[in-house]
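Undergrad: Chains as they are written, first to last, in my numbering: chain A, 86 to 534; chain B, 86 to 534; chain C, 8 to 489; chain D, 8 to 489.
Hints listed in this document are in silico derivations from the structure and should not be mistaken for laboratory results. Note that beta-carbon positions come from the ideal geometry of N, C-alpha and C, so glycine has one too. Treat the hints with care, since some could be wrong.
Part of the chain A face toward chain B, derived, beta carbon under 7 angstroms [to be verified]: (1) PRO134; (2) PHE164; (3) PRO166.
For lysine to aspartate or glutamate, the following EDC-like pairs were computed, each having C-alpha atoms within a straight-line distance of at most 16 angstroms [as the list claims (entries may be wrong)]: (4) C/LYS323 <-> C/GLU161; (5) B/LYS239 <-> B/GLU267; (6) C/LYS37 <-> B/ASP451; (7) A/LYS460 <-> A/ASP478; (8) B/LYS146 <-> C/GLU101; (9) A/LYS488 <-> D/ASP111; (10) C/LYS438 <-> D/GLU18.
Beta-carbon label-pair distances, calculated as ranges [claimed, not checked]: (11) C/LYS168 <-> B/ARG233: 17 to 23 angstroms; (12) B/ARG404 <-> C/LYS478: 17 to 23 angstroms; (13) B/LYS282 <-> C/ASP165: 35 to 41 angstroms; (14) B/GLY104 <-> C/LYS297: 40 to 46 angstroms; (15) C/VAL461 <-> A/GLY104: 50 to 56 angstroms; (16) C/VAL461 <-> B/GLU138: 50 to 56 angstroms; (17) A/GLU503 <-> B/GLU138: 38 to 44 angstroms.
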Amino acid sequence: MSYISLSQKDKKEMLKVIGASSPQELFDSIPDDKKLKRKLKIPKAKTEPEIMEYFNQKAHKNKNNEYISFQGAGAYQHFIPAAVDYLSSRGEFVSPYTPYQAEVSQGTLQLIFEFQTLICQLSGMEISNASLYDGASGTAEAVLMASRINRKSKILVPKTLHPHYREVIKTYTKNLGLDIQEIKYDDSGQISMTELKKHLDKETSAVLCQSPNYFGVIENLDKISSLAHESKALSIAVVTEASSLGLLKPPGEQGADIVTGEAQSFGIPLSFGGPYLGFMACQKEFLRQFPGRISGETKDVNGNQGFVLTLSTREQHIRRERATSNICTNQALCALRATIFLELLGKNGLRQWSWQNLQKANYAYDLLKGIKGVKSPFSGKVYNEFIIQTEKDWADIEKGLMKKKIIPGISLEKYYPELKKCGLVCVTEVSQKQDLDRFAEQFKEILSA
Amino acid sequence: MSYISLSQKDKKEMLKVIGASSPQELFDSIPDDKKLKRKLKIPKAKTEPEIMEYFNQKAHKNKNNEYISFQGAGAYQHFIPAAVDYLSSRGEFVSPYTPYQAEVSQGTLQLIFEFQTLICQLSGMEISNASLYDGASGTAEAVLMASRINRKSKILVPKTLHPHYREVIKTYTKNLGLDIQEIKYDDSGQISMTELKKHLDKETSAVLCQSPNYFGVIENLDKISSLAHESKALSIAVVTEASSLGLLKPPGEQGADIVTGEAQSFGIPLSFGGPYLGFMACQKEFLRQFPGRISGETKDVNGNQGFVLTLSTREQHIRRERATSNICTNQALCALRATIFLELLGKNGLRQWSWQNLQKANYAYDLLKGIKGVKSPFSGKVYNEFIIQTEKDWADIEKGLMKKKIIPGISLEKYYPELKKCGLVCVTEVSQKQDLDRFAEQFKEILSA
Amino acid sequence: MNMIRERLIFEISDKGKKGFTFPELDVPEKKNLTDSIPVREDIKDFPQVSEVEVVRHFTRLSQANYCIDKGIYPLGSCTMKYNPKINEKVAQIENFISAHPCLDTKVCQGNLEILSELEDMLIEITGMKAFTFQPAAGAQGELVGMMLIRACLEDRGDPRKFVLIPDSAHGTNPSSAHICGYKVKEIKSNKSGTVDLEDLRKNMNKDVAAVMITNPNTLGIFENQIKEAAEIVHSQGGLVYMDGANMNALMGICRPGDMGVDVIHLNLHKTFSTPHGGGGPGSGPVGVQKGLEPYLPIPRIKHKGSHFSLDENYPKTIGRVHGFYGHFLVVVKALAYILSLGPDGLKEASETAVLNSNYIRKSLEKEYHLKYKAPTLHECVFSDKYQKKHNISNIDIAKRLIDLKVHPPTMSFPLIVHGALMTEPTETESKADLDLFIDAMKQIDREAKEDPDVLKSAPHESYVRRLDETKAARAPRLRWKP
Amino acid sequence: MNMIRERLIFEISDKGKKGFTFPELDVPEKKNLTDSIPVREDIKDFPQVSEVEVVRHFTRLSQANYCIDKGIYPLGSCTMKYNPKINEKVAQIENFISAHPCLDTKVCQGNLEILSELEDMLIEITGMKAFTFQPAAGAQGELVGMMLIRACLEDRGDPRKFVLIPDSAHGTNPSSAHICGYKVKEIKSNKSGTVDLEDLRKNMNKDVAAVMITNPNTLGIFENQIKEAAEIVHSQGGLVYMDGANMNALMGICRPGDMGVDVIHLNLHKTFSTPHGGGGPGSGPVGVQKGLEPYLPIPRIKHKGSHFSLDENYPKTIGRVHGFYGHFLVVVKALAYILSLGPDGLKEASETAVLNSNYIRKSLEKEYHLKYKAPTLHECVFSDKYQKKHNISNIDIAKRLIDLKVHPPTMSFPLIVHGALMTEPTETESKADLDLFIDAMKQIDREAKEDPDVLKSAPHESYVRRLDETKAARAPRLRWKP
Ligand SMILES: Cc1ncc(COP(=O)(O)O)c(C=O)c1O
Ligand SMILES: Cc1ncc(COP(=O)(O)O)c(C=O)c1O
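In isolation and in its complexed conformation, chain A is listed as follows (with noise of 0.2 angstroms):
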């Protein structure tokens, strides 16, 4: 399947007009000798029925249907209402470009606009941007904020920070002088106050934290904003879970500068890890080393409202290399999924959303910490996600489970090896209370084989 829209006349006519003989010519501008002088090889073209079909049985190969799930760690299951699809999917939406053309973009620009809104409403801050990547990448472009502003290079970064997040910060401030600093947890699975005071001092530029951190454990943000307060670090925030933002007191009154991290958790399905949606949100005397896109409000010639996108000059088409980040394409569809999702689940939703969430994870935590042999390595509160220390291998209670079509959850062994036999479990909304009881049940049955 092909998709131009040329008959042969038509083509005749352009090249009479454009005075060729064959769209080969118009290639003549490239030498000869870097031709490619074969066809490419590559599968012959497949007509729309076969590539259904061909992608159906990719999806077959996955065999992910079969199972109930309790994974998280960064990327979470939940219901998705049918009108968010049904928007979002909507051609308007998904063929243009990014709004530089304010008159004919209103509906990208409103949007936009509403998500900010959103997100400082959620985070507690006052300026917010159109989207980052992903929470990975935004929160490594939070820790370059944080430098920009007190020109600082020591970052403290927690251990229990999400350890992909942690990664993604190294690669990113790797070339640039920055001066990483991980700081343990403690037995309530917080990070360690003991040893963040170690650490910080007066070089410190930034503190990150994330709440609920890796292991779902709500940290002390306030503390911590406070502590790095004190000497004069940034407090940065980061949320990979943001469902929970329905309850937990927000980042912006919880002491932080930047808040950021990802919001996958608002309407935007799994897909395998991506496109996810990076936020970013921060208090207004940081704007100006504010990274993305911005939507503004402005009015027309005629007096009316209208949207643009605004203060450019920040951004890498005006500033080019002096630019606060080199993000130009970001994940606008991904946010507008996520602004239908919270303005249909609303006031009343969204609260109602993160209380089932705690509540169901809560419910599962307290089962499986019932079964012998099962045990807590943190003394912390949860929201909805949990570890659990058993006394066998995590690989076996994973393999049993998943016999009984159950994957029970994320090894910690690969990023946290102090903490043998552990694994992350993540309760949603959307498992019901008969698949946690059967859970329980069958891990129990799979430790006492």
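Please arrange chains B, C and D with the ligands on chain A, whose structure you already have, making use of the hints.
TA: Just chains B, C and D with the ligands, lined up with the frame of chain A:
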């Protein structure tokens, strides 16, 4: 989940304007003794996730996804391009009413105008309407139309016409004094000309002819039309497999006065039988007796082209009991699907499509006929369906094949008790050669078991 | 935004352009298959366009439509309520859309269960005893209803000759009765807008098969003497048919089956939120009392425990009216709707529909004439009587509403109100949208006095300006030609 | 149609309205769970609206957007080609969208296979040796590319200090180099619009890590001396980065890997038809020659026979740049696209893109100034030089194009063309749509002479009139407040 958009405050304000103290008060005009004094006994409200799960469970009780199927008989499995689903699910097409207010309905009116044109091109006629409910009721409407035109009452209905269509004709005409006579078929599986001639006389209002007929056999419509016309009867052509219109001589060029039938094949999924798409077309001279909505071209006050529902003096809302039909709501959204489907396929795609149906079905026909114990009761040429007769009961064959996850077609015993051990098999472009070969192999195995 | 007129697809077609290709033929090609069959020539002028051209064509055409998804649509008698997106989604589940109607019932239990469950719920909501889903829309439902009545009376010995229909009825009523072989007699409405019992009594006799009543009627007024009317009809051996198109006023409030109704049709595409699709597909299930059940169309769905089957063993059936079982996918959507709302939600829907309608009525009763003063439920019928003084008709009002971004009310009936503006907001509208309509209507009333020309030349801000319907009918151009 | 301005959702919100409800909590509720954790207050002013209000809001907002699905979108450098609907459909298959990224690889073989297959195809199309899909868009691809170069040079002993970038480059190029810790030096373009080899030679030395070249460059001109340029850079131990955003001109025609390019990024959301989404998500895979493979981000996909796995065992890797594997669903769409077109289709796409662009160039070269006369491929950059005489700028031209129903070209770069109008039609446009653009541009040229005011005050027929960007930046209002 409820779909109310009023807040409590709104309700209060509105009641105040009305001067009522509660919405219940607004029902005072209903005598109290007629009111229901209890709650409706239906399950309590479900939320969207529950609805999704509920219907997923129902769908799961269907097992059709496990089978490959060779059922046709008036409902055909064809490939549907992704653009058909996408475009036809846009709210602007899905959610308006019949286009009574032309100025805000040009989308629907223009697409109906295009649909009418396509139907005329395919059928070789001059006039088409916006759609009828389905092929069966469309055929009944055609019969009524014929008898309105020539004020005669004898209708000749071949036994090769789809049995359900024959039943619907009977239901529709029973109370109107029409005389329905059935015409037998001959060894070719076509209408018996001898029988037809026997029944045809000056009292005959119309002769019906389905081609390809219920047995898949292509009829000699041209000849039948001539015979009908000799007796001053009308020739009504019926098409149940609309894909054949891409290959066969259009009924309009074979003497038909009215063409009607089912256009489900044009981009409409099987959907357990509905909604489908009845269509009807006729020669210009019969316009005043034509049933259904029609979109017509006109101009606006500025002289610009536009479309309106026209010739409504034929219709129930103007002419009431003297209308050409009682039809009001019809199948606009299905007509949209057909229009998109046909415009995507285009001239060449349509021809390629019909050709593949012809070729694949005949390939399978030959394969099956080649099996020992299988014969074909009819000698006529077939399009994409055919009858085979075996040495076993069709029910046994079906049972055996269904174990192999194949649905072999439809038994003829119910409607044609004289055709013992016969099945009607349909093969469309969606079947691949390997499926057909496997079908034949398994068929053979079962026969020899 | 002044739109560019979208050209007809035929006008952008050119030889060789393609919007779709099939896989190559994978069986040996036999050219001689067409040897002795009548094969068509190339279809002259059949479109040849690319996929992007088709997508743009229909995207742009779609935007030339007003629709519920864009705003208030108070088209009376049409119950233009919001069509929930989840209903569309469940109706696209693969095992529903790919199910062949002739599947062995073992393979399609889920579908049969859905049909059966919706039947049960409609029985409970209406108080009837059984339903058929074969009718494809309201009008076909009426026809089936009439056929059932005729079959029943025939069975009793005499199909009779006449059907009585109030003068306020929808056009399909007399038309359906006619196609069923009956002659129609019109019954007058009384001053309060309901069936004149006197006139009914006068006309009712042993030659009358049935009366067709709409309740609430097309004026939005509840036929509060329906039981009495039913008694008059029943006492002469006739039957009562109720056009249930206005059931949206009554869910959980009262039940036709409790009021003497023998046969009813519902419009799933009105009351039960399934979309209108720009003119269908709808679904017009017909419900009956016990005595009429034997005559229902076949096949019917039966179940033994949790096993469902299709039963054709009804010797008295009127037969089939649809190729298969009616509009299954529409049934799926209606069931999803009822399950979503539940008993309280259905009642709240009716209550809110009536609240919204009365809010409009009250807000506009100074500006617009209301011929009948009786209380109304889900809709009310204004007229252009006051505006007529300024030579402004309901059509002018309607066209001007288009400029003001709301959809006009129904004008084609009821015939007993001259210059009718039949207004039904439904329960899903917000107050802001109701006010938008009310303010527009008030503005128009002012304009009628102050600037009537702006009404007569309306609409001004639409995709096309006012269209010439007379021209369309006088010199019909019903298909494109090169 | 003059639209009514769509209000912000916050302005139609009211207490108690609901757009969605969750099932009741089915586990025993423990209120004390929040006892010692920081819980938020009610979110003031968070929206409360019904589903129909949300659907209308976004339906109306969507219609305020121009988009490819509505018409020609010749935004230069953006390759606004049609996004086939089948690609969207396959990317919605349940087992793709519901796959968790941490699935055991046994359970997600299909996904890994897809990533691996697209890698193979991009390798063949570009002539590179390996690809990573982690970069979420072109700019992140550039950054990854720079990081790879830096890691490689560091491995060789010295990461070096400078990156050379032509003055015609896209803004992300210098910005990405900068974030990777390099200083940027600009290289001049010569009179024919390509990299000035002399200037390159002058600036190239052992302190220079790499040159970033766009080919065809942002003027649409093929850098025909790219091999020579590469030799200059390589001879000093530097590496060659190619911005592959313009790959749509070259598919099946020539391969960067055959021309001395060491690292390249592609934009799947340009060349390979995945939608732009109003600003993403995109996907910016990076391809490298063999020597750079060890530095690619982890995890990488490996296969043994038909079994696929994720491999993190690359000690020299630059690490991760994305939380998981990049934009998997975008990869699915790009693969569907390449499989649909096949080798001939890809080449035809490039040829037609170049044909369409040259048709526009030729048709407008009298009316619009072309600074560089060299032959162009998929795009060309006009300027407003002729119209400037009438005091008309490229912005006025762009805004007037909106009135004429086509999307304006790119204006923000290349910086070396003053008043640029960078025009790229892509291959999917019909001649009629190309002509629509050409005629509009010609009309504007006439208007510049005859009626310049109509241009200065454009757009006239849009959802909003010309917006004040200065005001927006001077007194930023970046969120709604009551
Ligand atoms: C009162 C009434 N009865 C019957 C009908 C006919 O219903 P349908 O259009 O579904 O055939 C309508 C539809 O407009 C109606 O308003
Ligand atoms: C030449 C060129 N390079 C790089 C980019 C950046 O790509 P992205 O927007 O995907 O980050 C663009 C996008 O506009 C571009 O045109």
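Undergrad: May I ask which of the numbered hints given earlier this structure violates, with the numbers listed in increasing order?
TA: No hint contradicted; all consistent.
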